[in-house]
Amino acid sequence: MTTPQMIDPRGPRFGAAITTLLSLIAFYLSLSDSQLAYSTVVAIGVLFLWSVLSPRTHPAGLAFKRFIKPRIAPPKELEDARPPKFAQQVGLTFALFGIVGGLFAPVFVTISAAFILIAAFLNAFFGLCLGCQFYLVLRRVGVFR
Amino acid sequence: MDSTLLLTLALLGFGLIAGLTYRFFHGRGHKVVGNECINLEKLGLLKNELPVTSFGKTATLVQFSTQYCGQCPGVRRALAKLEYRHGDVLFIEADITERLNLAAHFNITQTPTVLVLNSEGVIKYRVGGVPKPRTIEAELEKLGVK
Numbered sequence: 365m366t367t368p369q370m371i372d373p374r375g376p377r378f379g380a381a382i383t384t385l386l387s388l389i390a391f392y393l394s395l396s397d398s399q400l401a402y403s404t405v406v407a408i409g410v411l412f413l414w415s416v417l418s419p420r421t422h423p424a425g426l427a428f429k430r431f432i433k434p435r436i437a438p439p440k441e442l443e444d445a446r447p448p449k450f451a452q453q454v455g456l457t458f459a460l461f462g463i464v465g466g467l468f469a470p471v472f473v474t475i476s477a478a479f480i481l482i483a484a485f486l487n488a489f490f491g492l493c494l495g496c497q498f499y500l501v502l503r504r505v506g507v508f509r
Numbered sequence: 004m005d006s007t008l009l010l011t012l013a014l015l016g017f018g019l020i021a022g023l024t025y026r027f028f029h030g031r032g033h034k035v036v037g038n039e040c041i042n043l044e045k046l047g048l049l050k051n052e053l054p055v056t057s058f059g060k061t062a063t064l065v066q067f068s069t070q071y072c073g074q075c076p077g078v079r080r081a082l083a084k085l086e087y088r089h090g091d092v093l094f095i096e097a098d099i100t101e102r103l104n105l106a107a108h109f110n111i112t113q114t115p116t117v118l119v120l121n122s123e124g125v126i127k128y129r130v131g132g133v134p135k136p137r138t139i140e141a142e143l144e145k146l147g148v149k
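Residue numbers (the numbering used here), protein chains in the order written: chain A, 365 to 509; chain B, 4 to 149.
In short, the hints are calculated from the structure, not lab data. Incorrect hints may appear among the rest.
Stated by the list, open to error - Only pairs whose alpha carbons sit at most 25 Å apart, straight line, appear in this in silico SDA-like list of lysine to any residue:
{"id": "1", "chain 1": "B", "residue 1": "K34", "chain 2": "A", "residue 2": "A437"}
{"id": "2", "chain 1": "B", "residue 1": "K145", "chain 2": "B", "residue 2": "E52"}
{"id": "3", "chain 1": "B", "residue 1": "K50", "chain 2": "B", "residue 2": "G132"}
{"id": "4", "chain 1": "A", "residue 1": "K440", "chain 2": "B", "residue 2": "P54"}
{"id": "5", "chain 1": "B", "residue 1": "K135", "chain 2": "A", "residue 2": "G465"}
{"id": "6", "chain 1": "A", "residue 1": "K440", "chain 2": "B", "residue 2": "L103"}
{"id": "7", "chain 1": "A", "residue 1": "K440", "chain 2": "B", "residue 2": "K145"}
{"id": "8", "chain 1": "A", "residue 1": "K440", "chain 2": "B", "residue 2": "K34"}
{"id": "9", "chain 1": "A", "residue 1": "K440", "chain 2": "B", "residue 2": "K127"}
{"id": "10", "chain 1": "B", "residue 1": "K135", "chain 2": "B", "residue 2": "A21"}
{"id": "11", "chain 1": "A", "residue 1": "K433", "chain 2": "A", "residue 2": "F378"}
{"id": "12", "chain 1": "B", "residue 1": "K127", "chain 2": "B", "residue 2": "A21"}
{"id": "13", "chain 1": "B", "residue 1": "K135", "chain 2": "A", "residue 2": "D397"}
{"id": "14", "chain 1": "A", "residue 1": "K440", "chain 2": "B", "residue 2": "R88"}
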C-alpha cells in the first residue's frame, strides 16, 4: 500500500464553485445560443481532463493555492486525493457525453450541463461530493478496485 | 421573465433542495431493529495491536472507515474521547478499504458509519456519515452509560 496523496479538502470545493459557474453559463446558453453553449461545455471538459491528468498544474488549484489558501485558516483535516479525482473523472464523463452528444442534438449539451451543474453545486455549497459517495458503492459492486 | 431564466432558476432550486435534504439527513442516526449481534471473532479487529475479544461493559462503538475517507479521522477522535471519558464504553474501528465483504454484510454505502452496540454486542443504533453533535452521547445514555 503506497501512501496516498493528501490534499486540502477545500481545494476541490473551490474548483467545484468554478465548475458551478461555468456549467450554469453553459446551461443558460444552451437554451438560447447553442453554439456558444457547446464551446463552454468543451471548456468544462478540458478543465476536467486537466484535473484528471495533472491536478497539480490545474488553474483552479493554482488559484486556490495562490489567492484563497493564504487567506483562510489551515485545514482541520487533510483528505485523500482519490475520491475527488474519481469525481473529476465522473465529471469528465458527463462533459464528454455533452461534447459527443452535442454534435448530434443540442439537447445533450443541456442535459450534460444540468448534471454537471447539480453535482458541482452540491459539492461547492454543501460539501456533498456525489462521486465520493458513489466511490464505495461502485467498488462494492465491483466496477473498479 | 423568460422561460430560459425560469428553467435555470428551477434547476438551481432543485440543487438547493437536494443539498438541504442531504444536510438534514446526513449524520442523523436511526434505531436498528432486529437483534443482530456483532461477531467479534469474524470482525477480527485489533485495538492497540491486541485482538478485540470482548465488548465494552455497557456499550461498544464501532466505526467503519476507509483509508480514503476524509471525515473519518475527526469522527475517530470524537469517539475515542467518549471512550476515554466513560470507562464502560469500548470504541473499535474497522477499516473496510480492503474488506468489501464487511461493507456488503453491514450494507455500508458511506464512511464513516457508526454502530452503537449494547453490552451484549447487539446493534442498537446506526449513523451514516459524520454523526450530528450529541447523537452518540444520547444513545450511550439510553444504554445506561454513566
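How the hints compare with the structure:
{"no.": "1", "hint": "K34(B) <-> A437(A)", "verdict": "37 Å, violated"}
{"no.": "2", "hint": "K145(B) <-> E52(B)", "verdict": "31 Å, violated"}
{"no.": "3", "hint": "K50(B) <-> G132(B)", "verdict": "22 Å, holds"}
{"no.": "4", "hint": "K440(A) <-> P54(B)", "verdict": "31 Å, violated"}
{"no.": "5", "hint": "K135(B) <-> G465(A)", "verdict": "42 Å, violated"}
{"no.": "6", "hint": "K440(A) <-> L103(B)", "verdict": "28 Å, violated"}
{"no.": "7", "hint": "K440(A) <-> K145(B)", "verdict": "31 Å, violated"}
{"no.": "8", "hint": "K440(A) <-> K34(B)", "verdict": "31 Å, violated"}
{"no.": "9", "hint": "K440(A) <-> K127(B)", "verdict": "31 Å, violated"}
{"no.": "10", "hint": "K135(B) <-> A21(B)", "verdict": "19 Å, holds"}
{"no.": "11", "hint": "K433(A) <-> F378(A)", "verdict": "10 Å, holds"}
{"no.": "12", "hint": "K127(B) <-> A21(B)", "verdict": "29 Å, violated"}
{"no.": "13", "hint": "K135(B) <-> D397(A)", "verdict": "45 Å, violated"}
{"no.": "14", "hint": "K440(A) <-> R88(B)", "verdict": "23 Å, holds"}
Hint compliance for this structure: hints 1, 2, 4, 5, 6, 7, 8, 9, 12, 13 are broken, all remaining hints hold.
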